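A.B. asks: Sequence:
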Amino acid sequence: MRLRSRVIRRIAGLITRLLDHQVLKGAFADITEHEIMDMCLLLPDTLMTETSVIQLQSDDPIMVVGDIFGQYGHLVRLFNHYGHPPGQKYLFLGNYINQGPRSIETVALLFAYKVKYPKDIFLLRGKHECERLAEIYGLYDECVKRFSRRIFQAIVQVFPYLPCVAIIDNRIFCVHSGLSPMFSQYEVTGIKALRKFIRKYITLPSESSTNRLISHLVWSDPEESINLWDQNPAGLGYLYGAKVVEEFCERFEIQQIIRSSDVIQSGYEFFTCPKLLTVFSAPDYMDIYENDACLVFLFRVYKHSEIRGQLNVVSPIIRLRNKPTMRMNISLSSFPIEFGSGKS
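Residues 147 to 490 in this note's numbering are what the sequence shown lists, from first letter to last.
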């Protein structure tokens with residue numbers, strides 16, 4: 147209790163330092179190893195209140211965000227434009243770390259918001275939220291270079307507590323990457339049974355490397371050239387086709403699946419079966435791809451009306467790429483979509 151009280155008291159100051167203008171210009175945030183480690187010790191208690199599948203309602207609008215990959219400057223600019231928690235509710239689909247230049251600041255801000263506003267920001271697990279990939283693709287090197295191995299261990303020990311699925315209004319199924327053949331193999335039918343099944347087979351904390359269902363949810367990918375299931379060349383999870391998506395949505399009365407995991411040049415892409423939507427939220431990924439990013443805004447016009455969707459597209463202004471500046475180096479546009487059809 148003492149640790150919780152101390153960390154919560156200091157969270158506001160930590161968030162202020164993480165959002166300092168100099169950090170947006172490229173400076174390291176004024177943060178210490180101990181305050182990040184303390185926050186990581188506290189966070190599992192918060193995450194354990196949610197279970198492996200989160201049930202959300204769109205009474206308050208929800209912004210769904212795909213992969214961030216340590217692009218901290220863009221993350222803060224998106225918060226600045228669309229609103230910081232608790233003013234805006236967020237659901238992140240994973241892949242917060244690696245590849246980009248500021249994984250530590252990225253998880254520090256997201257974790258800080260989760261501790262301070264646990265009902266206004268939700269963090270799903272991506273494939274990179276595991277110790278093995280974090281060691282290979284950037285987080286480990288960043289931690290050792292700036293702090294020590296201790297902070298790396300503190301961060302990765304949070305990952306097994308992250309939930310894997312969010313279901314919004316019993317109609318929108320949100321996941322990092324994929325579906326699982328286990329749902330049909332075990333003849334699971336209906337949204338309540340689906341939630342119960344996921345909670346049964348994914349108890350937190352669980353490692354993605356040793357839990358079969360988690361590996362399916364974070365590694366399986368859609369593939370246009372097949373109808374059903376095939377082996378994933380990545381060695382984990384499966385490839386799944388349009389018929390799998392159709393049958394899943396029919397079996398569980400799902401209107402739209404929202405996933406991330408793949409770099410999409412336009413920031414978003416509807417699958418062959420448009421009931422599956424992929425969003426990618428790291429613009430100009432790795433300063434190479436010159437891709438757009440996208441966030442999905444879910445809302446209701448009236449309290450009991452149907453849930454609606456809007457795609458918020460983030461386009462990088464490449465000419466500003468190499469100039470540290472407080473100016474927005476992205477342009478923003480938005481348009482409505484019709485769930486389940488891919489029509490705008």
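One thing to keep in mind: the hints can contain errors.
As the list claims (entries may be wrong) - 16 Å max Cα-Cα, derived EDC-like pairs, lysine to aspartate or glutamate: (1) K235 - D206; (2) K449 - E196; (3) K291 - E396; (4) K265 - D191; (5) K449 - E436; (6) K262 - E277; (7) K265 - D205; (8) K489 - D433; (9) K449 - D184; (10) K265 - E196; (11) K338 - D315; (12) K265 - E333; (13) K449 - D315; (14) K389 - E353; (15) K235 - D266; (16) K235 - D315; (17) K171 - D191; (18) K235 - D205; (19) K346 - E333; (20) K346 - E196; (21) K262 - D176; (22) K338 - E399; (23) K262 - D191; (24) K338 - E369; (25) K262 - E370; (26) K338 - E396; (27) K342 - E196; (28) K389 - D408.
Hints are computed from structural coordinates only; laboratory data are not their basis.
Since the model is a prediction, treat every value here as computed from it, not as a measurement.
A.B. asks: Against this structure, judge whether each hint is valid.
C.D. replies: Taking the hints in turn, this is what the structure says about them:
1. K235 - D206: holds (7 Å)
2. K449 - E196: violated (24 Å)
3. K291 - E396: violated (49 Å)
4. K265 - D191: Holds, at roughly 14 Å.
5. K449 - E436: Status violated; Cα separation ~39 Å.
6. K262 - E277: Violated: K262 and E277 sit about 25 Å apart, past 16 Å.
7. K265 - D205: holds (13 Å)
8. K489 - D433: violated (31 Å)
9. K449 - D184: Violated. K449 to D184 sits at ~40 Å, over the 16 Å cutoff.
10. K265 - E196: holds (10 Å)
11. K338 - D315: Measuring from Cα to Cα gives roughly 12 Å; hence the hint holds.
12. K265 - E333: Violated, at about 32 Å.
13. K449 - D315: Holds: K449 and D315 sit about 12 Å apart, inside 16 Å.
14. K389 - E353: violated (29 Å)
15. K235 - D266: holds (5 Å)
16. K235 - D315: Within the cut-off at roughly 15 Å; holds.
17. K171 - D191: Roughly 34 Å between the alpha carbons, so the hint for K171 and D191 is violated.
18. K235 - D205: Cα-Cα ~11 Å, so holds.
19. K346 - E333: OK: K346 and E333 at ~15 Å, within 16 Å.
20. K346 - E196: holds (14 Å)
21. K262 - D176: Measuring from Cα to Cα gives roughly 19 Å; hence the hint is violated.
22. K338 - E399: holds (11 Å)
23. K262 - D191: holds (13 Å)
24. K338 - E369: violated (28 Å)
25. K262 - E370: Violated - the C-alpha atoms of E370 and K262 are around 42 Å apart, more than 16 Å.
26. K338 - E396: The given pair, whose Cα atoms are some 14 Å apart, holds under the 16 Å limit.
27. K342 - E196: Distance ~13 Å between K342 and E196 Cα, so the pair holds.
28. K389 - D408: Measuring from Cα to Cα gives roughly 20 Å; hence the hint is violated.
In summary, the structure is inconsistent with hints 2, 3, 5, 6, 8, 9, 12, 14, 17, 21, 24, 25, 28 from the numbered list given earlier, while agreeing with the others.
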